[in-house]
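The residues making up each chain are set out below.
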Amino acid sequence: MMGRGRLAAWGIGLAALVALPFVYRDPYHLHIMVLILIWSFAYTSWSMMGRFGLVSLGHGGFMGIGAYVTALLWNHLGWSPWIGIPVSMAAAGALALIVGYPCFRFRITGHYFVLVTLALSGIVLQVITATRDYTGGSLGYTPNRAAGNKLWSLQFDDKITWYLIALGVWLFGIVLWHWVDRSMARYALEAISEDEDAAAAAGVDVTAEKLKITLLSALMTALAGALYCQYQMFITPDTVSGIAVSLQMVFAAIVGGLFVSLGPTFGAIITIMLAETLRIGFGTKAVGWDNLVYGVLLVLFIIFLPKGILGSLLDRLKPQRKVPRAHEQEAVQIARPGT
Amino acid sequence: MQAFLDIFDIYLLEAVINGILLGGVLALLALGLNLIFGVIDVTWICYAELVMIGMYAMYFLVQYYGISYFLAAPLTILLVALLGAALHYLVIAPLLTAPPINQLLATGGVLFVLQSFATVAFGIDFRNLGIRLPVLAFGDMNFSYARLLSFLAALVGMVAVYLFMTRTFTGTAIRAISQDRQIMALMGVDTKRIYLITSAIGGGLAGLAACLLVLQYDVHPFVGLSFGPITFLICVLGGLGNFIGGFIAAFVFAEIISLGGLFSDLEWGYVLAFAFFIVMMFVRPAGLLARRR
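Sequence lines, in order, name chains A and B.
In this text, residue positions in the first sequence follow this note's numbering: the first is 1, and each later residue adds one.
In this text, residue positions in the second sequence follow this note's numbering: the first is 340, and each later residue adds one.
What the hints contain is simulated information worked out from the structure, not anything from laboratory work.
These numbers were taken from a predicted model, which means no experiment stands behind them.
By construction, the Cβ of each residue, glycine as well, lies at the ideal position given by its N, Cα and C atoms.
Residues of chain A clear of chain B, computed beta-carbon distances all greater than 12 Å: (1) L17; (2) V23; (3) W79; (4) S80; (5) I83; (6) L151; (7) L167; (8) I174; (9) Y187; (10) A201; (11) L216.
Selected chain B positions facing chain A (Cβ under 10 Å, derived; list incomplete): (12) P433; (13) Q442; (14) V449; (15) Q454; (16) S455; (17) V610; (18) A612; (19) A614.
Taking the hints into account, I'd like the entire structure generated from these sequences.
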């Protein structure tokens with residue numbers, strides 16, 4: 001249960017976040033905040049699956065579908081994003097089910113699951129590039145500027161509106177995370193991640209449970225992609241889809257901490273701040289440096305701190321925490337051999 | 340109508356043969372990855388990036404230092420082999436007892452490192468060796484000499500690895516370890532040393548592939564992404580760790596890409612190959628040649 005103190009802390013923190021843009025209006029800093037919130041939401045969606053050992057490298061594909069379907073429907077058919085976003089989410093969800101069902105039904109796990117999902121994000125990237133007559137290929141794509149109603153076209157010029165939208169969506173993601181965390185599905189999925197056969201023997205419908213969490217995760221990721229597209233008003237296959245984006249999600253979630261709700265958010269703050277600091281500090285000379293630092297950090301984190309920064313910090317603060325779950329214990333053992 | 344059919348057939352045949360030639364290099368790549376998976380039980384997500392580094396090494400050795408291609412090739416193979424051993428020593432060895440997913444993601448981190456290292460050190464320009472090999476005309480069909488050469492060299496490389504694995508003591512030990520990791524340590528085989536040697540061989544194969552690919556493609560920091568995913572899919576389709584399966588799968592994939600590219604854009608060839616892979620995963624989840632239990 002969430003204690004009264006923690007609830008109060010969440011309330012105060014949220015109130016401060018909502019009030020922030022009305023007090024502090026520097027557009028550059030607000031822009032960074034919006035990006036952090038949108039990517040945090042995407043990373044949170046990945047960690048919904050990732051925390052149960054379902055490591056997917058296909059989320060770049062879901063994000064790309066979210067962004068491109070929304071933009072294509074707006075430009076070619078004139079459908080408002082209010083319709084386009086649900087359609088794009090449905091498309092990503094359908095794809096997740098089509099790939100997920102046979103995967104889970106035939107027990108494709110571990111390395112094999114990672115590589116099948118890798119193929120998925122590869123397909124989406126290649127399809128976007130191949131249909132360059134519609135999507136602009138690797139040169140990128142821009143949704144048309146709306147002439148009329150801003151709300152109808154979901155295009156806003158001021159950063160404050162976007163900040164509040166992104167904050168709302170991010171909060172929605174965190175609430176969903178806690179909802180799953182407190183549901184029966186979480187226990188079922190943890191049982192599955194430890195031993196599929198034992199879980200099935202205990203009466204857990206393995207395929208259905210895995211499919212539910214995958215669907216939820218894919219829908220959220222598509223929403224993040226659509227939101228990113230509407231905010232930036234420019235998307236390229238490489239920024240919203242493909243293997244690099246998938247790895248970026250994995251990286252941020254692991255650095256922040258996979259097993260705590262604010263972990264992916266923490267990861268997003270660290271990665272985006274790092275990239276921006278390097279960009280401002282070194283200008284165009286910094287091309288590539290941010291990824292170099294990411295990569296080194298990712299390797300170091302997996303070797304020495306597999307529970308992530310926030311996860312490890314929370315562990316330090318609360319040494320008498322409940323007994324870790326088996327897959328976390330494994331993680332702890334890598335971090336501190338001999339315990 | 341008859342004339343149309345004749346031309347069509349010639350193109351088809353050309354595409355089929357080009358597919359076989361492409362398959363040779365893909366099979367070489369898949370062999371290296373399969374070797375590492377079969378013996379150490381680790382997937383190097385960054386395998387294609389090792390090839391990319393090797394291609395840069397070739398470029399600099401040949402273009403800047405003026406070393407002849409045939410002298411530069413062994414140097415490159417040695418360099419990438421050392422890189423493979425270092426990768427094992429620095430990243431994989433500390434994670435040997437970790438969950439497989441952690442090992443996979445750690446090599447994903449190495450992918451970022453190598454890619455951005457190349458971006459920082461060499462810039463994002465496309466570079467090529469400047470060696471233009473002649474085109475071989477055979478009837479109405481044209482084949483690039485480079486492809487033929489790569490195909491032959493890849494075959495030689497694979498035969499060499501096969502002989503090493505079956506005819507030497509170390510090779511036998513490597514094959515034994517891939518069958519049972521625990522027992523071989525009890526039999527007095529130094530598994531750490533064998534792992535290092537295997538990683539070096541895997542790296543060396545990546546180096547050989549780099550020497551061959553640099554003849555056909557321009558080098559840039561992201562070149563690994565254009566054939567890396569395909570290599571993994573080939574290995575999975577053939578069954579991870581299954582050398583013969585990987586060999587067959589490489590040619591199947593190469594034909595799909597080549598024929599798909601004939602009827603439409605090259606990207607659609609890749610899309611077809613990826614889709615074929617996903618379908619096959621459901622038909623034969625454990626690989627093409629999996630034994631039925």
